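A.B. asks: Read top to bottom, the protein sequences are chains G and Z. So for the first sequence, my numbering puts the first residue at 1; every next one is plus one. So for the second sequence, my numbering puts the first residue at 1; every next one is plus one.
If you are wondering where the hints come from, they were derived from the structure by calculation, not from laboratory data. Please note that the accuracy of each hint is not assured.
[To be verified] Only pairs whose alpha carbons sit at most 25 Å apart, straight line, appear in this in silico SDA-like list of lysine to any residue:
1. Z/Lys182 to G/Arg82
2. Z/Lys172 to G/Ala347
3. Z/Lys172 to G/Gly74
4. G/Lys77 to Z/Pro169
5. G/Lys315 to Z/Phe26
6. G/Lys321 to Z/Arg179
7. Z/Lys182 to G/Lys204
8. G/Lys77 to Z/Thr87
9. G/Lys321 to G/Ala347
10. Z/Lys172 to G/Arg93
11. Z/Lys46 to Z/Val129
12. G/Lys77 to Z/Leu177
13. Z/Lys172 to G/Gln86
14. Z/Lys172 to G/Glu76
15. G/Lys204 to G/Thr153
Given the structure is predicted, the values throughout are model-derived calculations rather than measurements.
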Amino acid sequence: MSTTGTPTPDLRLDPGALRHLADAQMNVELDTGDMILNLGPQHPATHGTLRLVVRLDGERVISADPVIGYMHRGYEKLSEFRTYPQITTLINRIDWLSSFANEVPFMDGAEQLMGVEAPRRATYIRTVLTELSRIATFLLFLGEMGLQVGALTPAFYGFRDREHILNLIEATTGGRFHPNFNRIGGLKDDLPWGWIAECRDAMKIVFDACDTFENLVLGNEIFAARTRGIGIVPGEVGAEYGMSGSNLRACGVDWDLRRDGRPYLAYPDIDFAVHTHPDGDSFSRYVVRLEETRESARMVLQLLDAMPSGPIMAKVPRIIKVPEGEVWVETENPLGQMGYYVVSKGATGPFRVKIRSASFSNVSILPWLLRGVYVPDVITILGSLYFILGDIDR
Amino acid sequence: MRPVQQELSDKLVVLGDAMLESTPVFDDIVVRVRPDAWRHAAEVAKDELECDYLSFISGIDWAPAPREGGEEGSSDTSAPVQPTEMTFGAAGSAGRFQVFAHVQSTRRHWGFTLKSDVDEADPRVESWVSVYPGADWHERECWEMYGFVFDGHPSLRHLYLPMAFEGHPLRKDFPLLARVVKPWPGLVDVEPMPGEPASEPTAADAAAEAGDAS
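Bound conformation, chain G alone (with noise of 0.2 Å):
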């Protein structure tokens, strides 16, 4: 073959030449700068559509841009045309695998504005209700955790086991995911007949899927291997970016707002330990997130024991009318800090709502935090944070 001008060879004629230009093309990608790899915006660790730009040097990411907004339905402003009680409606959607949670700050920032305050059967069940929601959310992650490492197997356990607390949650408000069970002023509701007994079954289930997890997932040294060390978030960076939540619990940050924040719904009542991990990697947020599960179990246990009796609902006006003013409400939720500053006019529906979502800062620290990972690692971070697209498109 002549070695002049550009090289032409027959692949047909000279089987040598193919892998002569294997190895030339090798060469021109190795000398080559960086690639760009589009992750998303459909991925199964993006739990919807997050598309992150990422720039690689071979396996090694120089820089990942986030590109949200695929799921962006404009909630704040659609609340400055909704009245407070239809509110409720959006509000389910942000983070949808917990959305009862979602409720409650909403609602309580109103219950202050009105100076109303739920009687404390309501407020205790929608303590319950929270918990509930929290191990729904959780007990998904520590299956779905596995599978982003190649493991079947904890996923399914996850979905079987999440059945048992969406059927509790359904027989309760009528709804699997978006309850939209909270009222101005308490519940649409009371619990039905039996169902604190079968709420106490379905807890052994959630301690027993907790020891199933430890032992499947953190007990097996290919997960450790993948996840320990891998996308180490520092306490203080983490707080910076506004990561809340499990995720700064695992950076070793000992902060709960259900302990330490404005005393809400019936945690002040029961005894509660906070969880917290010193090293900030994947591995940590696993452990915390499990031990959170358990934890919340607990908590449930001890809910039903001292579940007082009396009505559901405080007196409140017909038509909903929200004094002048404005209230800042947070709440410690399955993903975060989520919380609500209400404006309200003294109309039916708020001047001006700003959703502060967990989801949204605790994904802002991405690109801070892929720099420099390996492209595998890059969906076990993604796991680990774990985040809810409608959390942070809202």
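Using the hints, position chain Z against chain G.
C.D. replies: Positioned in the frame of chain G, the structure of chain Z alone reads:
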């Protein structure tokens, strides 16, 4: 108000003359700072008040909402009827636009809301990215939703909306396009609660009753 919030309230003097006004709002404290001290306030909050955690940054438009909901008492319920005069919230405002943010301390468990006025003709705010890196996305969102320019922000790009989008959707003069395209059906599908009589019997109901009686 929790005792820690009271403690923070006493410490707010470190903001010095940057602070124009402060007022307690339920468990929160709203502090209005001078527009030219917006970033300085963040630095003080982070370094001296130990507020290491940035919750959010956003904007607010105090202009009266357009009367798309029709007159009060009418059956057009497409939007709650808001007052027509411009009034300001806690700690006041000098004009239509304000930027506000919430910072908290993960160690001391306190937090407060900062507000600052934004000029309507030239909406410029100092960026907080150098103090709280997490301000990046919040400021991009605020820029696209309100049109506030954050001086010192590394790249003010659209966050949620398409790159070619024009307008600032959360301003009060930006219409809710869904309602413009298709009017809100209003009360047509609302039925009386079980066990409650309908408020006004319609002609059709009267005819039905007459039919039953005959």
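A.B. asks: Please go over all the hints and tell whether each is borne out by the structure.
C.D. replies: Consistency of the hints with the structure:
1. At roughly 16 Å between alpha-carbon atoms, Z/Lys182 and G/Arg82 fall within 25 Å of each other, so this suggested pair holds.
2. Among the hinted pairs, Z/Lys172 with G/Ala347 is consistent with the structure: their alpha-carbon atoms are about 16 Å apart, no more than 25 Å.
3. Restraint check for Z/Lys172 and G/Gly74: the C-alpha separation of about 14 Å stays at or below 25 Å, so the hint holds.
4. Distance check on the hinted pair: G/Lys77 and Z/Pro169 sit about 8 Å apart at the alpha-carbon level, within 25 Å; holds.
5. Taking the CA atoms of G/Lys315 and Z/Phe26, the gap is near 22 Å; set against the 25 Å cutoff, the hint holds.
6. Note on G/Lys321 and Z/Arg179: the hinted pairing holds, with a Cα-Cα distance of about 23 Å set against a maximum of 25 Å.
7. Taking the CA atoms of Z/Lys182 and G/Lys204, the gap is about 51 Å. The hint is violated against a cut of 25 Å.
8. Among the hinted pairs, G/Lys77 with Z/Thr87 is consistent with the structure: their alpha-carbon atoms are about 19 Å apart, no more than 25 Å.
9. For a cut-off of 25 Å, the pair hint linking G/Lys321 to G/Ala347 stands: about 5 Å separates their Cα positions.
10. Restraint check: the Cα-Cα separation between Z/Lys172 and G/Arg93 comes to about 24 Å, which is no more than 25 Å; the hinted pair holds.
11. Taking the CA atoms of Z/Lys46 and Z/Val129, the gap is about 13 Å. The hint holds against a cut of 25 Å.
12. A hinted pair counts as satisfied when its Cα atoms are at most 25 Å apart, and G/Lys77 with Z/Leu177 qualifies at roughly 11 Å.
13. Distance check on the hinted pair: Z/Lys172 and G/Gln86 sit about 20 Å apart at the alpha-carbon level, within 25 Å; holds.
14. Distance hint between Z/Lys172 and G/Glu76 is fulfilled; the C-alpha atoms sit about 12 Å from each other, no more than 25 Å.
15. With a C-alpha separation of about 21 Å, the suggested pair G/Lys204 and G/Thr153 falls inside the 25 Å cut-off, and the hint holds.
Comparing the model with each earlier hint shows a violation of hint 7 alone; every other hint is respected.
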